[in-house]
Structures are given as C-alpha cells and as structure tokens.
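Its first residue numbered 0, the sequence shown is counted upward by one per residue in numbering that gives the first Met the number 0.
It should be emphasised that the hints constitute simulated quantities derived from the structure, not laboratory data.
Glycine is no exception: its CB is placed at the ideal position from the N, C-alpha and C atoms.
Simulated restraints on C-beta separations: (1) D83 x M0: 39 to 45 Å; (2) M0 x G51: 40 to 46 Å; (3) D103 x N61: 16 to 22 Å; (4) I5 x W97: 43 to 49 Å; (5) I100 x L42: 17 to 23 Å; (6) D94 x I11: 35 to 41 Å; (7) L129 x Q46: 27 to 33 Å; (8) W34 x L4: 28 to 34 Å; (9) F101 x Q46: 17 to 23 Å; (10) Y136 x E15: 32 to 38 Å; (11) M50 x H26: 24 to 30 Å; (12) M0 x G124: 39 to 45 Å; (13) G122 x N43: 21 to 27 Å; (14) K111 x Y136: 20 to 26 Å.
Capping the alpha-carbon separation at 27 Å, the derived lysine-lysine pairs in DSSO-like fashion look like this: (15) K111 x K95; (16) K77 x K110; (17) K137 x K37; (18) K104 x K77; (19) K111 x K137; (20) K110 x K72; (21) K111 x K72; (22) K45 x K95; (23) K72 x K95; (24) K110 x K95; (25) K45 x K27.
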Amino acid sequence: MKKILIIIFIFIFSFELYLRIKSPVIHKADEELGWILKSNLNLNIKQKDFMGHEYDVEFLTNQNSSRFYGDIKNANLKILVLGDSFTNMPYASNDKMWFSIFADKIENQTKKNIYIETLGAGGYGNFQQLLLLERYYKDIDPDLI
Numbered sequence: 000m001k002k003i004l005i006i007i008f009i010f011i012f013s014f015e016l017y018l019r020i021k022s023p024v025i026h027k028a029d030e031e032l033g034w035i036l037k038s039n040l041n042l043n044i045k046q047k048d049f050m051g052h053e054y055d056v057e058f059l060t061n062q063n064s065s066r067f068y069g070d071i072k073n074a075n076l077k078i079l080v081l082g083d084s085f086t087n088m089p090y091a092s093n094d095k096m097w098f099s100i101f102a103d104k105i106e107n108q109t110k111k112n113i114y115i116e117t118l119g120a121g122g123y124g125n126f127q128q129l130l131l132l133e134r135y136y137k138d139i140d141p142d143l144i
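Throw the hints in and build the complete structure from the sequences for me.
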C-alpha cells in the first residue's frame with residue numbers, strides 16, 4: 000500500500016511539473032478576489048487551434064494585472080473593459096483580441112487614439128468584476144467603461 004501511494008505521489012508531482020512547464024501560470028492568489036492575473040507579464044505562449052496548428056501568443060499585462068491595447072500616453076479616449084476568460088485568457092495576443100479589434104474600429108471612425116485596459120480573469124463573475132472596478136478605477140481613470 001505504501002508503494003502505491005509513493006507511485007501516485009510521484010505521478011501527480013511529475014504531472015504538475017509538466018503542466019507548469021507546458022502552460023505557464025498567469026494567475027496568482029488574491030485574498031479578496033480569489034485569483035487575479037499576474038502583473039507585468041510578458042510571455043510568449045504556444046497554443047494550438049482545433050486543427051492542431053500551433054501559433055504564438057504574446058501575452059502582456061501591466062502593473063494593474065490588466066491586458067491592454069494602445070498607447071496610454073497618446074490616448075484621446077481611455078476605455079476600461081471588465082471581463083472573464085473571453086477577455087483575459089492567453090488564447091490570442093493582445094493586439095489580436097476582440098478589444099483590440101474594437102479599438103481599431105473606433106480609431107478608424109473617430110480618428111482618435113484609443114487605449115483599452117481590460118480587468119478580469121477566467122471564471123470571473125460580475126461581483127469580482129465590480130470589486131476590480133472599485134480597486135482600479137481611480138488609477139485607470141477611464142473615459143468609458
């Protein structure tokens with residue numbers, strides 16, 4: 000029985016190690032929210048589509064643990080997005096996410112520089128998004144939410 004437990008432990012430990020290497024950890028524990036994206040990430044992650052083709056994802060976060068698009072220094076309009084896995088999981092690079100396409104469309108129509116910052120993490124609900132809004136609203140100072 001003891002040998003079986005040791006084998007199971009070694010298997011679980013090895014599997015955990017494999018997952019950490021294969022898929023980098025992008026979240027950290029947060030006492031109020033449960034988990035949050037790590038801040039100041041600059042990761043290049045290999046992903047696969049449904050057909051098995053590999054592609055690169057450039058996953059960037061800032062000091063607010065937010066993904067972002069645009070240049071905040073030259074922004075005429077700052078938009079804050081509250082989201083979940085559709086907004087903040089590493090399935091596409093920041094410049095290919097839906098919020099980046101949205102920003103490009105607004106820039107083309109208004110001829111203004113847009114900066115978008117996204118708060119949230121996979122599995123988040125509205126209450127966690129509200130708590131994030133309260134935490135970072137003053138720092139981001141958005142024109143639109």
